[in-house]
Amino acid sequence: MTQDINNLPDETGHFGRFGGNFASETLFHCLEELKTAYKKLKNDAEFQQQFKQDLAEFVGRPSPLYFAERLTEQQQGAKIWLKREDLNHTGAHKINNTVGQILLAKAMGKKRIIAETGAGQHGVATATVAARMGLKCIVYMGSVDIERQAINVFRMKLLGAEVRAVDSGSKTLKDALNEAMRDWVAHVDDTFYIIGTVAGPAPYPEMVRDFNSVIGREVRKQSMEKIGRLPDALVACVGGGSNAMGLFYPFIEDKEVKMFGVEAGGKGLETGQHAASISAGKVGVLHGNRTYVMSDDAGQVTETHSISAGLDYPGVGPEHAYLNDSGRAEYVTVNDDEALAAFHILTKTEGIMPALESAHAIAYGMKLAKFMSADQHIVVNLSGRGDKDVHTVADLEGVSV
Amino acid sequence: MTLLDSTFKQRSGKKALIPFITAGFPHPKMTVSLMHTLVDNGADIIELGMPFSDPMADGPVIQKASEQAIKLGCNLALTLDMVAQFRQDNQHTPVVLMGYLNPVESMGYEDFVKTAAEAGVNGLLLVDSPPEESADLQTQLKQHDMQQIFLVAPTTSDSRKAFICQQAAGFIYYVALKGVTGSADLNPEVVNQEIKDLKRYSDLPIAIGFGVKDAASAVAVAEQADAVVIGSALIQVLSDCTTSEQAQQKAADFMRPIRSALDSL
Ligand SMILES: Cc1ncc(COP(=O)(O)O)c(C=O)c1O
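Protein chains in written order, with my numbering: chain A, 199 to 599; chain B, 58 to 322.
These are computed hints drawn from the structure, not numbers from a lab.
Take these hints with a grain of salt, some might be off.
FRET-style restraints, in silico, Cβ to Cβ [to be verified]:
| hint | chain 1 | residue 1 | chain 2 | residue 2 | range |
| --- | --- | --- | --- | --- | --- |
| 1 | B | 214 | A | 585 | 44 to 50 Å |
| 2 | B | 257 | A | 332 | 26 to 32 Å |
| 3 | B | 280 | A | 388 | 28 to 34 Å |
| 4 | A | 593 | B | 147 | 39 to 45 Å |
| 5 | B | 214 | A | 526 | 50 to 56 Å |
| 6 | B | 165 | A | 254 | 30 to 36 Å |
By construction, the Cβ of each residue, glycine as well, lies at the ideal position given by its N, Cα and C atoms.
Start from the sequences and build out the full structure, keeping to the hints where you can.
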């Protein structure tokens, strides 16, 4: 099957054999409604202008493309640039998407916002825009994640959101997503579901990608200004895949730009304790789309492990599954210990403390740089800042703060 | 004519009762005997839930049943085995499997459909495999005379109703409310009107489910429907059973009043 890679998904929400609309019947109507509304507003000058303005004035865009000089020197290879999504309001790329979706929710007249969250970054980003718009906000979060991300839970509450603990299944992100879907089914009339990554049924993968594509568009422009050409390689961590898709998408037709998605290798692929859906999962259906899913022989979705809660997801956005199969992007893994090491290295050599999610991308970027020459350029997406992870790092290293 | 088709035909206007139980709940050893008990106490068709780790469309009762069944080692292969065992003593009651796509996809459509057909499965209802995404599966199902049951919801648009009804076989499952399985508060008047309306699109029997919990609510929504599905309330009754005898007793006590209430219509 050949499809124009830059023009995906097709009308039915498919990226090749991936994606689609594997949702329960009750949701079809609102997915259709959402699709129609988004299609209209995607090309609406006023909507796009408002989105642009919010990104500039509320989020603080454009985020810099920063040359990591000392990190580059250390690796003795290609030049490493960091796309500073950590400098966004609320500290990660997640806000790009929520700013877009809340405008859509407003335009559709929805009064009630729901979201799922794992690490709490998307929950905070959603609670933030809901507060700004004066909309009621409910965030579903696995009870295990609530334990390990206490600060973000409190941030959401300060922002006026209600955080609902999810006690089913593995009590983590995937279960929070299930619960948000259940809420949506029961409140279809007045509720807008802001999904936090490029997963879910159509049109979410496309929509979340589009709202995050501002990352890649800026990088294109900034590379031309600073390097005089496009970079040779892009590197981003992949949980569901929204920061990676946002960086990759505007470069898809530039075949000379290599793209690397970094999945969470956890304790090592061979241990089974990881969250590397593309590298070690199989094709299946989860949360409304066909993609790579981590599941056992009987097709039960397995629990994942990663040092970073934001990568702890057993599926992956369908467009990544497609980019993998078509060979346009390459998917690799970085283990917990390598990510933790990269967290320290970046903090000490550049004075930038990355989120543990982003530290996976940093780790791979450093490795990659060594195999490339000094006149080549790598852009690593620094998807978020590490403040939220200070406690995790302290715990891991036996330090009490 | 399939077993589902003839079952509805033979009932000639009387309301069919379709209990739902999760395979492997409360214990895998109890499922087959429970299925027989359900038939002995008025089940016309059995819906057997295939346990799944992420039951997105189910309420807490069926979620828990699913979780427990998986913990006790129940999987899709075992579920199919249970149907085969049931078929040794019962060839006349249709069995419809209900669940989610991933375990089926993981087994492979061809393998799954072949094994299910051999086991004696008659219908398949996958909550997350709408007609648009089911073409490959349908090809396999048709080769083995298995019918895919589709859902229609209160939110389904008229044009979509027509589309679904074109693809549907066996019966149409009308979701009585906006919500997950086991939610409360059905409005019978609205439901009956909706079903009356749905009949314009199809001659297939219509079953109603999600939110029916006892004889009274079954009777209330059965005015226009051809069949009533009861799931969460039955599972709830079974949840603290520790022996097969106990489970069978509870299931029988649960079924009988509903059966006689429907028969008095
Ligand atoms: C900083 C950061 N990076 C990456 C991710 C992973 O999400 P995605 O793969 O959608 O970018 C998260 C999720 O919480 C995050 O907080």
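Results of checking the hints against the structure:
no.: 1; hint: B/214 to A/585: 44 to 50 Å; verdict: 46 Å, holds
no.: 2; hint: B/257 to A/332: 26 to 32 Å; verdict: 43 Å, violated
no.: 3; hint: B/280 to A/388: 28 to 34 Å; verdict: 30 Å, holds
no.: 4; hint: A/593 to B/147: 39 to 45 Å; verdict: 57 Å, violated
no.: 5; hint: B/214 to A/526: 50 to 56 Å; verdict: 36 Å, violated
no.: 6; hint: B/165 to A/254: 30 to 36 Å; verdict: 50 Å, violated
Hints 2, 4, 5 and 6 from the list above are not met by this structure, while the remaining hints are.
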